[in-house]
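Q: Here is what each chain is made of, one letter per residue.
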Amino acid sequence: MLETLFPNVDWADMWEATLETIYMTAMSTFFTFVIGLVLGIVLFLTAPNQLWANKIVNWLTGAFVNIFRSIPFIILIILLIPFTKFLIGSIRGPNAALPALIIGAAPFYARMVLIALKEIDKGVIEAARSMGATTWTIIRKVLLPESKPALISGITVTAIALVGYTAMAGIIGAGGLGTLAFLDGFQRSREDVTLMATIAILIIVFVVQFIGDFLTGKADKR
Amino acid sequence: MIELKGLTKVFDTGKARLTAVDHVDLTVPAGEIFGIIGYSGAGKSTLIRLLNGLEKPSEGSVEINGQNITAISGPKLRKARQKVSMIFQHFNLLWSRTVRENIEFPLEIAGVGKEERRKRSAELIELVGLEGRESAYPAQLSGGQKQRVGIARALANDPEVLLCDEATSALDPQTTDAILELLVDINKRLGLTIVLITHEMHVIRKICHRVAVMEGGRVVELGEVLHVFQHPKETITKRFVAQVTETEDSAETVRHLREQYPEGQLVKLIFVGDQAEQPILTQLIREYTVEVNIVHGNISHTQRGAYGTLILQLKGPADEISKALAFLGAHDVQTEVMGDA
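Residue numbers (our numbering), protein chains in the order written: chain A, 1 to 222; chain B, 223 to 563.
Everything labelled a hint here was simulated from the structure, so no lab data went into it.
For each residue, glycine too, the CB sits at the ideal point set by N, CA and C.
It is possible that part of the hints are untrue.
What the hints assert, rightly or not - EDC-like, lysine to aspartate or glutamate: derived pairs with alpha carbons at most 20 Å apart:
no., chain 1, residue 1, chain 2, residue 2
1, B, Lys-298, A, Glu-126
2, A, Lys-221, B, Glu-422
3, B, Lys-410, B, Asp-394
Claimed, not checked - To spell it out: a stretch of chain B is covered by chain A in this simulated footprint if at least three of its residues, at any positions, have a beta carbon under 8 Å from a beta carbon of chain A; those stretches are:
no., region
4, 280-289
5, 298-305
6, 311-319
Looking at chain B on its own, in the form it has when it is part of the complex (with noise of 0.2 Å):
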């Protein structure tokens, strides 16, 4: 378990005081993924690099697993990193060390004898998917290929938690999908807690249990990541809602569906979790005289269940109409009526 307490860091430049992290609580339990997204600027790389200690806090505490990061240092700290262990953006492998190398690095620091070592590696690697290219340089590799490499290395001493500072920000679209599914992977099978800064919502949404919102070095905004879909309370919250199911919110995308379709009546409904998955269009086409017209759809996958939008046409009897939406209010779909046409 991870425990924040009022934690704050200010970088004194001489000229200028900047509070990167402005007191920050947060507790994080085991096994968690745990996403905190915000945009440049926020204060989350600051925020990860002092859950490890390369950033000394200037107010308040980092407890992982009982132990106050924080209050530690010299050898005990260089222990403690070894379980707390991290990714990175630009992975950082050493390039003159081949795959195996790199990956035996953190067991070189830990004092772990050559044979371990080489059994331990051969393990990562197969773990990772790398078979094959343990002897190959980092300059050999793809993208996804070097941050395989760099969750390896992380894993080697067996981390109790994995730091990810915006780990899949330099890959493509669907490097970045392969990686998420590994750390997923490694979260199931090893029960590692993992922490992850991203300024992209696709990353929170594909692979968190919770997202903090950070902006100007606070949590502004906290909560199960389907919950937060479902209700953004802050502008910036919303705004990373919206990278990920914008097409269909736009005042100019309601008003060109409108003009597409001018007749019967135009409903967004709200899926969350369970809902997504029941044939609750059947039913109602079923019981209801209402000519039903699907005009939009969007169904998200997060890791606790599904989250969609759907924009239907509805066309019959207006008392037929509010029968459906009153059906649909009982199946615990949210509706939002976007205007007759």
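Only chain A is shown next, with the shape it has when bound in the complex (with noise of 0.2 Å):
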């Protein structure tokens, strides 16, 4: 029945794409979880009135952050090609596209981990500074555990919006799911393909989607 619904479709290839989506997907998840996460705690602990207060690094911060957060993730990838070059020594294939990725995306989760944390009440960090605690201690013990389901949230959806620039990478040679839609579908007018790398796209995206729920809701105690 698949045959008839998608001759074109080669699932070995299918397949293989897949995987590559997934590992983009991850590999850059990760990474723009740990440096958005330092980015919006610095953004945080830098403001005004606050436990680093310091105008100087906030603003640079801040800078870097609304610079690369307005860049079109597709001219970010063009942009960055000498950069990926000689970070990985090849523009081409899933690891190329990950500099692009993670450096499109960590200003976006460094944005919703500064609101995450201002949504902290002030009044806990305070106790937790009546209590005697070091700032690194708060960061610990207080921001992150407080800010969780936010934080968990908010990298839902950074990782469904990095599967959509994984497709857009695709388009230049990153490989994946975008790759074999746009060469293999596209070029090729074979639709069916275009239809099932949809198929696999939508799957990958609702089952980050359920993860994410279900640990933003174990992670909700208020």
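Two chains, two frames, a set of hints: combine them into the complex.
A: So, in structure tokens, the structure goes:
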């Protein structure tokens, strides 16, 4: 039955492309999470009246985040080609997509981290200070646990955006379902390949959303 | 012992300079429950935050048990804060942690081992009466229970001083009383010095030994709670005292009473301390040929004795009435004739 509906689909290729997309999404989500978290925390703590209040650092971090968040992803990939070549040694394949994916998504996530941290009751931070907590303890034991549900739902949204970004990266040869849909589906006019690639992407997105919602619900004790 | 000397805090917002605390000198002996009352904006929140170094003073010093809090910073200050703990109006619990984990938080900060933390938190849960709720999250607790967690958390590192920042202002009257009783109990059992700020005279009356009244960043009146209740000097203090003894004082009430009791003489008696518990009225009725009718009464219990007012209607021969009044005077009961009928 699948053969009649999708006559042109090479299932081994489709499977390989799906794995590549999952690989790119997982890797870039992981690094986006780490870098975005650090940027978000720095943005939060260096804001006026906060523990590390520092105008210069706050302004620089804010400028970096705002600039890279504003560049359209497809342009960012092209802009970063020399950087990617230097870092990875090639501009083709899943690994070559990672720098652009991470640099595009981390500032986006940093903003979400900042929003999540701002939601924390200031009184709780004051309470921790009144107990003699260091800033490091406050980050580890107050800021992160108290904003956990928002941090998880934020990375879920970011991961889903990243699935979309990997498809765009696919157009310029990153591999994965984007490349498959573009080269095999669009350029050779095999609509069934494009459709199957779309279905595979939708499944990935739904699975990510499901896991994200489940973890957010589990973390939320309010 | 807590000693504040010339303590001043000026907030410079760029456009305006706001003096939140203005040259405050105070001494609070160890083991005392000291209340600071004032309306919002009087500077009491800033003052209490100067006591544990959450705010740095512009001038003056804070000394707690010989350590100058204003001169230390970094690790030394953090160490000192473990001995000057604080509870808050909105409890400020970590919602991501259970009751037990919240209470263990300051112990984690102090670097106490896991087993010891478990032991200590179990003791504290019992002390504040939260047995059976160890594994509940703050969202599942009532306001009173949340404040009990706050108190247990504050006591975890065996502090010498407990600062209470409007600790009962978000609670209903019944829960407020239960929390205040817990504070008195802790004060007696652990010998803890308690400094609390509030805008409710009820709280001061109920648990404080001494009170400071704050207005515009300054302490305008200071003394034993009973004494301040009896002889409030400043207008603001009178307003606070009226919060708890209001009923009989307004001119409206006096006129109303006189309409209701047109005969004889209306006399207001003020009892303080021991007299409130002695059978003075019984003696009065036995020894003088006056008819006594109780019109209105009110007794407030403070930590250091009772304070009460009683309005009586006295009927009988004029000389007997004046003798009766002299008798009351001889027993140190203040009397105030509210007018002849």
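Q: All hints are to be evaluated individually against the structure, with a verdict given for each.
A: Each hint, compared with the structure:
With a C-alpha separation of about 18 Å, the suggested pairing of Lys-298 (chain B) with Glu-126 (chain A) holds against the 20 Å cut-off. Restraint check for Lys-221 (chain A) and Glu-422 (chain B): not satisfied, since their Cα atoms lie roughly 33 Å apart, outside the 20 Å limit. Taking the CA atoms of Lys-410 (chain B) and Asp-394 (chain B), the gap is near 24 Å; set against the 20 Å cutoff, the hint is violated. Counting residues of the region 280-289 of chain B whose CB falls under 8 Å from any CB of chain A gives 0; the rule of at least 3 is not met.
Figure legend: the region 298-305 of chain B, annotated as covered by chain A; annotation consistent (6 residues with Cβ-Cβ distances under 8 Å, at least 3 required). Counting residues of the region 311-319 of chain B whose C-beta lies closer than 8 Å to any C-beta of chain A gives 7; at least three are required, and the coverage claim holds.
The structure does not agree with the numbered hints 2, 3, 4 stated previously, though it agrees with the rest.
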